[in-house]
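K.L.:
Chain by chain, the residues run as shown.
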Amino acid sequence: MKEEGKHKKAKKYGMVINLDECTGCGACMVACMAENNVPFKEDESNKLDSIAWMRVYKLTNGKPYPEAEICYLPRPCMHCEGEHGHAPCVSVCPATATDYNHETGIVSQIYTRCFGCRYCMVACPYHARYFNWWDPVWPEESTKYLSPNVSPRMRGVVEKCSFCFHRYQLAMDKAYLEGRTVLEEDEYQTSCTQACPAGAITFGDLNNPEHKVHQLAKPDNKHGGRPGNPNVFRLLERLGTNPKVYYMSSREWVRQAGDNYINNEDFAKNYRQ
Amino acid sequence: MKIGRRSFLSFVIGGAAGTAITPLPWKLMDDSSIWSQNWPWTPVPPDGEYSQSNSVCTLCPGGCGITVRKVDDRVVKIEGMKGHPVNDGGLCLMGLSGLQLLYGPTRVKTPLKRVGKRGEGKWEKISWDEAISEVAKKLADIRSNGGSHTVGSIVDSENGTVPNLFKRFLTTYGSPNFMTMPSIQDSYAMTLQVMQGVSAQVGFDAENADFILSFGSGIIDGWGSPVRMFKANSAWKANGKKVVQIEPRLSNTAAKSDKWIPINPGTEAALALGLANIIISNSLDSKKISQSTGFDSFKKLVQNEYGTDKVSKITGINSATIVSLAKNFARASKPLAICGKGQGSIPGSLNEFMAVHALNALVGNINKEGGVWAVTDTEYINWPKPEMDSIAENGMQKERIDGAGSEYPHTKSLLNRLVEVINSGDGSLEALFVSGANPLYSMPGSKAIKNAFDNIPFIVSFSSYMDETASNADLILPNHVYLERYEDVPTPAGLSKPIVGLTRPVVKPQFNTKHVGDVVMLIAKALGGGIADAFSWESYEACLKETLGVKWDILVEKGFEFNGDKCILEGDFNFYPDAMKSLSDFSPVSIEGSAISYPLLLIPYDTIRLANGYIGDPPFAIKTVEDTVLKGKNSCVEINPKTGKELGLTEGRYASLLTPRGKAKVKVHLYEGIMPGIVALPRGLGHTAYDNYLAGKGCNFNELIGSTEDPVSGLDEAWGIRARLTKV
Chain R
125 MKEEGKHKKA KKYGMVINLD ECTGCGACMV ACMAENNVPF KEDESNKLDS
175 IAWMRVYKLT NGKPYPEAEI CYLPRPCMHC EGEHGHAPCV SVCPATATDY
225 NHETGIVSQI YTRCFGCRYC MVACPYHARY FNWWDPVWPE ESTKYLSPNV
275 SPRMRGVVEK CSFCFHRYQL AMDKAYLEGR TVLEEDEYQT SCTQACPAGA
325 ITFGDLNNPE HKVHQLAKPD NKHGGRPGNP NVFRLLERLG TNPKVYYMSS
375 REWVRQAGDN YINNEDFAKN YRQ
Chain H
10 MKIGRRSFLS FVIGGAAGTA ITPLPWKLMD DSSIWSQNWP WTPVPPDGEY
60 SQSNSVCTLC PGGCGITVRK VDDRVVKIEG MKGHPVNDGG LCLMGLSGLQ
110 LLYGPTRVKT PLKRVGKRGE GKWEKISWDE AISEVAKKLA DIRSNGGSHT
160 VGSIVDSENG TVPNLFKRFL TTYGSPNFMT MPSIQDSYAM TLQVMQGVSA
210 QVGFDAENAD FILSFGSGII DGWGSPVRMF KANSAWKANG KKVVQIEPRL
260 SNTAAKSDKW IPINPGTEAA LALGLANIII SNSLDSKKIS QSTGFDSFKK
310 LVQNEYGTDK VSKITGINSA TIVSLAKNFA RASKPLAICG KGQGSIPGSL
360 NEFMAVHALN ALVGNINKEG GVWAVTDTEY INWPKPEMDS IAENGMQKER
410 IDGAGSEYPH TKSLLNRLVE VINSGDGSLE ALFVSGANPL YSMPGSKAIK
460 NAFDNIPFIV SFSSYMDETA SNADLILPNH VYLERYEDVP TPAGLSKPIV
510 GLTRPVVKPQ FNTKHVGDVV MLIAKALGGG IADAFSWESY EACLKETLGV
560 KWDILVEKGF EFNGDKCILE GDFNFYPDAM KSLSDFSPVS IEGSAISYPL
610 LLIPYDTIRL ANGYIGDPPF AIKTVEDTVL KGKNSCVEIN PKTGKELGLT
660 EGRYASLLTP RGKAKVKVHL YEGIMPGIVA LPRGLGHTAY DNYLAGKGCN
710 FNELIGSTED PVSGLDEAWG IRARLTKV
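Here the protein sequences line up with chains R and H, keeping their order. Start counting the first sequence at 125; every next residue gets the next number (the numbering used here). Start counting the second sequence at 10; every next residue gets the next number (the numbering used here).
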């Protein structure tokens, strides 16, 4: 009975990224591309059309030499919960091609339903969604390394980070076969989390107090998942998108860079509103 | 019916309105786009049986354990191997994109013989038998004409069975010209040789250090064994250990350190000695060390020549910072100083290495937890000494063409001098083998190297990829890539505990390639006589099995095996070897070019996202490169906004970068993290070979710089060159 109760409790998969440890090496980006059959073109230096489900941004503190500091910020899909699953992208999709899964908290993207209107791209405040302007082309033998777990996308659809949802499905299949209904923390990890050589990414169920992500972020579900740890912040917190990706930094200017503030606004007072 | 103006207009307007109102065109457009989305060129990856196998990545000297995921006989993903002592599950982006090298368009798929002019790209496919007999015939001719010593080989390192097979081949053939690609490992090895009389590689117990003083080493930019350093860096962060980074540019390493101290480039040795002076004057040095050879002379040197004020003037770092750095370093319980700039592809100034090593000795961290150790790791290769015939004996008596071992007694290999010797006509090579290296791209002064290579009549490349050197060769005998072959992986760069790993085939060879070890043996067998006798093994695999002996089974099972415990750096420490005498009058590392015609200083920088050695960036890796590093076909240079203002250059403007060695069109990126007066350019771009995903992007730093000989080692010490940046 107790087991069943546990099963019914909704999970909320999320991430905590420690920006003090992130080195900006880009391994998460490549781990993601390799896992999810992300296509590539000859010129990828126009970042507006360069598909990167996980993208690492470089932040600067804006101070002159030698006080300049930089910090890297990896940006997957935030898997916003909004209020009761009304993520910005989900609520605008006319094709129900993107949906909020209340069981896992993951925002899906169903390529075969998407007809390319790109409303979701406009709605997403994090630029986490990418449009396939061209058909993907894999040179010569390269189709051999495509993974059967993720279908390659065709021209005209939007794609984005899925928190490696196929890994969740595979892990659940395995668990069911073994007669379990609950996953261990390390049974379902995203490709980027696993690859990060610095160990900066932590992934798990934010609703499960035993999971590391919960302990690091201390999310307050009564107030839209607001982090309880003073060094933890979310991007554009004040928009109320209720994202499930939390960032951790010991530097105030980095935490401040996570949202927009007017010039003389009291950051310390307002950043947790 | 008469068609008047009126009826014509109503027909057109009515038709247009009708077409707009009917859903037909929209429906057709929609249908056709949906239909074309379903065209069969969007691949559907076939499903199959899933399996996993472990191996070791050899894309860099890092030696990370990898686990590959397979579906039937296709490899679909490479991941870091959990529990591996080097990387424990993590992997860098190059390792992660390895499948693009295996299945990628840049592979050489069969032996190729050049038919057009060199570098023209016209090849004829030949069989392996033809290829091997062609090489054997050429070598037999050279040998019978008494020119055995004019054959040389360039390989990536001197450790492991494959380089040793090349060495053995050249020895029995009669040539001393076994050359390796230069790196900081050469400078470290020589430092140990000169200061302690030990012949070993250096190892750092980095994980256990608690104060890391890095003289420009790219700890998280690909220095040493990259993933291991990433892990160490995270452990330092988690445990509150301090990292101080000294370099003129805010690199990723500097950005992640606890303190970034910009320094005038080329003056690092002066800072190390200045720190030594403060440590000695404040009696913060390890007491045991003062009885060491040369300590008194060293003490005199630093006290007389490296007073804090003088050092401050040389390095551009203020005195208070130097004093507090020295005190913090010496007072830490396990301090560790490291050097070798960026990823460590340029050997650097030996003075700097000696000064930094002395600093380590001064705080007593040699052979200590968190300190410096020796690595002597090819001990598992114990092949019987080969029989040498008279030609071989004679050939081996000859001096090396690069002057290593004679003009520069402690140096083993001097590729930078080889180029100079050939170009000045002082020596020549009749044939050259290149394996696991791409000197035409990755060595400074690529134009001079190209010249030298043009003077070598017969070049054989063993490259798996169509790289710059392969595309300028006469014959390409393609090796399997690392996922298709067996090979031993000796202790990765900088590890303090000797370990041997085994790369093994996780997939059958995809093309008509052959293991380079087998090819060397086949060539030897075709030459016959004593050369053939020296290679009695049936195949490379048999050779490797025999060499590894009892270790083989363990390696096959778990992929790695510790090769004994940490090795002690034996030998008395000499604080003031002869090689250090030039430091009595400090001059910064020499920089080519005059400051009048070239007012700026161009330095390279390394990032883990750009590979600059034998392997070029695969498509995934190049995709991660920021648009402030590479934009379209142009590399971006970093300059301080102050410098930009002086030159009238704004963000994103095109500019012409001119050095005494070359010229390039670049884009300007204003960056507050760089010292005014310095221009920084990333290494790893500007390839002319490989595939369309890499070739023709940006400019190659190595074309803009030449090499400068270190007066002690003869190795290349040039870290920068004078430059001019003008609007275009």
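You may find that some hints are simply not true.
Keeping only pairs whose Cα atoms sit at most 20 angstroms apart, straight-line, the calculated SDA-like set for lysine to any residue is [claimed, not checked]:
id : chain 1 : residue 1 : chain 2 : residue 2
1  : H       : K86       : R       : T267
2  : R       : K171      : H       : K517
3  : H       : K377      : H       : K407
4  : H       : K642      : H       : L656
5  : R       : K165      : H       : E635
6  : H       : K642      : R       : P188
7  : H       : K517      : R       : P188
8  : H       : K674      : R       : N170
9  : H       : K642      : R       : D167
10 : H       : K736      : H       : S545
11 : H       : K651      : R       : D167
12 : R       : K268      : H       : K642
13 : H       : K336      : H       : I272
14 : H       : K407      : H       : N391
15 : H       : K296      : H       : A247
16 : R       : K165      : H       : K651
17 : H       : K642      : R       : N170
18 : H       : K567      : H       : E493
19 : H       : K674      : H       : N643
20 : R       : K165      : H       : T637
Don't read these hints as lab results, they were simulated from the structure.
K.L.:
All hints are to be evaluated individually against the structure, with a verdict given for each.
P.N.:
Each hint tested on the structure:
no. : hint            : verdict
1   : H:K86 x R:T267  : holds (12 angstroms)
2   : R:K171 x H:K517 : violated (37 angstroms)
3   : H:K377 x H:K407 : violated (42 angstroms)
4   : H:K642 x H:L656 : violated (23 angstroms)
5   : R:K165 x H:E635 : holds (15 angstroms)
6   : H:K642 x R:P188 : violated (29 angstroms)
7   : H:K517 x R:P188 : violated (55 angstroms)
8   : H:K674 x R:N170 : holds (19 angstroms)
9   : H:K642 x R:D167 : holds (9 angstroms)
10  : H:K736 x H:S545 : violated (63 angstroms)
11  : H:K651 x R:D167 : violated (31 angstroms)
12  : R:K268 x H:K642 : violated (29 angstroms)
13  : H:K336 x H:I272 : holds (19 angstroms)
14  : H:K407 x H:N391 : violated (25 angstroms)
15  : H:K296 x H:A247 : violated (32 angstroms)
16  : R:K165 x H:K651 : violated (36 angstroms)
17  : H:K642 x R:N170 : holds (11 angstroms)
18  : H:K567 x H:E493 : holds (18 angstroms)
19  : H:K674 x H:N643 : holds (7 angstroms)
20  : R:K165 x H:T637 : holds (18 angstroms)
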